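Sequence lines, in order, name chains A and B.
If you read the first sequence in the working numbering, its first letter stands for residue 52, the second for the next number, and so on.
If you read the second sequence in the working numbering, its first letter stands for residue 105, the second for the next number, and so on.
The reader is advised that the hints may include incorrect statements.
To be verified - Dumping the calculated DSSO-like pairs for lysine-lysine here, alpha-carbon to alpha-carbon at most 27 Å:
| id | chain 1 | residue 1 | chain 2 | residue 2 |
| --- | --- | --- | --- | --- |
| 1 | B | Lys109 | A | Lys89 |
| 2 | B | Lys203 | A | Lys103 |
| 3 | B | Lys109 | A | Lys57 |
| 4 | A | Lys113 | B | Lys253 |
| 5 | B | Lys153 | B | Lys109 |
| 6 | A | Lys102 | B | Lys253 |
| 7 | A | Lys89 | B | Lys312 |
| 8 | B | Lys312 | A | Lys110 |
Treat the hints as calculated values from the structure; they're not laboratory data.
Predicted, not measured: the structure shown is a model, and the values here were computed from it.
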Amino acid sequence: MSEKEKLALLEETFDVDEGALNPEMLLNDIDEYDSMTKLSLIVMVEEEFGKKLTGAEIKGFKTVQDILNVMV
Amino acid sequence: MIDFKDKRILVVGASSGIGEKVAVVLAEQGADVILLARRESRLIEVCNKIGENKASYYLCDVSEIESIESVVKIIVSEHGKLDGMAYVAGISDGDVPVKYLTYERQLTTFKTNYFAFVEFVRQVTKRGNYNDGFRIAAVSSVASLRGEKAHVAYSASKSAMDSAIRCIAKELGPKGICINSVAPSMVNTEMYQHFLEVQGEDSEANMKAVGRQYLGLAETIDVANAIAFLLSSDARFITGITLPVDGGFSTT
Numbered sequence: 052m053s054e055k056e057k058l059a060l061l062e063e064t065f066d067v068d069e070g071a072l073n074p075e076m077l078l079n080d081i082d083e084y085d086s087m088t089k090l091s092l093i094v095m096v097e098e099e100f101g102k103k104l105t106g107a108e109i110k111g112f113k114t115v116q117d118i119l120n121v122m123v
Numbered sequence: 105m106i107d108f109k110d111k112r113i114l115v116v117g118a119s120s121g122i123g124e125k126v127a128v129v130l131a132e133q134g135a136d137v138i139l140l141a142r143r144e145s146r147l148i149e150v151c152n153k154i155g156e157n158k159a160s161y162y163l164c165d166v167s168e169i170e171s172i173e174s175v176v177k178i179i180v181s182e183h184g185k186l187d188g189m190a191y192v193a194g195i196s197d198g199d200v201p202v203k204y205l206t207y208e209r210q211l212t213t214f215k216t217n218y219f220a221f222v223e224f225v226r227q228v229t230k231r232g233n234y235n236d237g238f239r240i241a242a243v244s245s246v247a248s249l250r251g252e253k254a255h256v257a258y259s260a261s262k263s264a265m266d267s268a269i270r271c272i273a274k275e276l277g278p279k280g281i282c283i284n285s286v287a288p289s290m291v292n293t294e295m296y297q298h299f300l301e302v303q304g305e306d307s308e309a310n311m312k313a314v315g316r317q318y319l320g321l322a323e324t325i326d327v328a329n330a331i332a333f334l335l336s337s338d339a340r341f342i343t344g345i346t347l348p349v350d351g352g353f354s355t356t
């Protein structure tokens with residue numbers, strides 16, 4: 052999957068407009084990155100990439116790129 | 105005083121934290137317990153803990169609804185009529201926000217938490233499968249009556265169970281069959297440990313949940329004791345209810 056496709060998946064998960072996310076963005080600066088989005092992220096990564104994110108992994112995410120890195 | 109001497113009780117979902125405790129408590133009070141679950145190694149452990157002469161087990165994946173009729177038939181033919189059933193099998197839908205809550209995901213939760221429950225009730229209450237004074241107790245949840253984010257299927261499945269219990273109680277009351285559920289809040293089980301792992305101990309969700317149950321976190325014995333009471337003849341005038349076992353959660 053290309054980075055563009057991954058970003059599109061994330062934008063859907065975050066419920067933000069197409070093109071709203073870029074890899075350098077800090078997650079803390081994204082209003083939509085709340086507890087529900089984190090739950091959505093767990094389900095999306097499980098469905099699309101077959102892996103179950105742990106709470107510790109999610110806590111460790113600082114940027115959008117950190118999430119893209121586990122989307123493999 | 106609760107006494108299950110010479111009583112034969114089926115425990116569905118006996119390898120889970122609460123299920124195991126229910127089986128142990130019932131056996132301590134004299135019951136012969138028949139354990140049902142998927143994981144054989146866990147069932148063997150529980151049987152060994154109780155003692156082989158008081159406990160036996162059968163393998164059953166309750167989500168395979170069509171298999172329930174035959175497993176109940178086998179149990180009754182090998183052990184005789186039942187005096188009670190504890191339905192402890194249950195799964196959490198794993199914190200799925202509604203936008204990802206597909207029909208398939210809901211079905212998975214509903215199969216174990218609701219459809220299998222009703223099918224067990226249907227099978228064990230067939231003529232010839234139960235003794236007079238037959239009682240059923242199931243594990244519901246405080247989620248049955250409350251809204252929580254990302255718990256749609258779990259909460260709805262427990263509400264469905266409690267609604268079904270009210271109807272079945274009325275329908276089977278004339279046969280002397282009583283049916284109830286208990287509604288625990290947070291219990292210290294594997295399911296809770298998983299919740300902590302996802303949400304974090306200092307998360308808002310955990311604070312909210314455990315903060316409201318001012319008696320602290322429930323242990324499995326607290327739920328097992330309530331189930332044992334509802335299965336006992338001491339509870340003979342109680343039917344169709346959902347008993348909160350929640351350390352105060354539902355009253356604040």
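Hint check:
Under the criterion of a C-alpha separation no larger than 27 Å, the hint pairing Lys109 of chain B with Lys89 of chain A is inconsistent with the structure, at around 51 Å. Among the hinted pairs, Lys203 of chain B with Lys103 of chain A is consistent with the structure: their alpha-carbon atoms are about 18 Å apart, no more than 27 Å. The hinted pair formed by Lys109 of chain B and Lys57 of chain A fails the criterion: a straight-line CA distance of about 62 Å is larger than 27 Å. Restraint check: the Cα-Cα separation between Lys113 of chain A and Lys253 of chain B comes to about 24 Å, which is no more than 27 Å; the hinted pair holds.
A distance of roughly 18 Å separates the Cα atoms of Lys153 of chain B and Lys109 of chain B; the hinted pair therefore holds under the 27 Å criterion. About 22 Å separates the Cα atoms of Lys102 of chain A and Lys253 of chain B, which keeps this hinted pair within 27 Å; it holds. At roughly 18 Å between alpha-carbon atoms, Lys89 of chain A and Lys312 of chain B fall within 27 Å of each other, so this suggested pair holds. Between Lys312 of chain B and Lys110 of chain A the CA atoms are separated by roughly 20 Å; this keeps the pair inside 27 Å, and the hint holds.
Checked against the numbered hints listed earlier, the structure breaks hints 1, 3; every other hint is satisfied.
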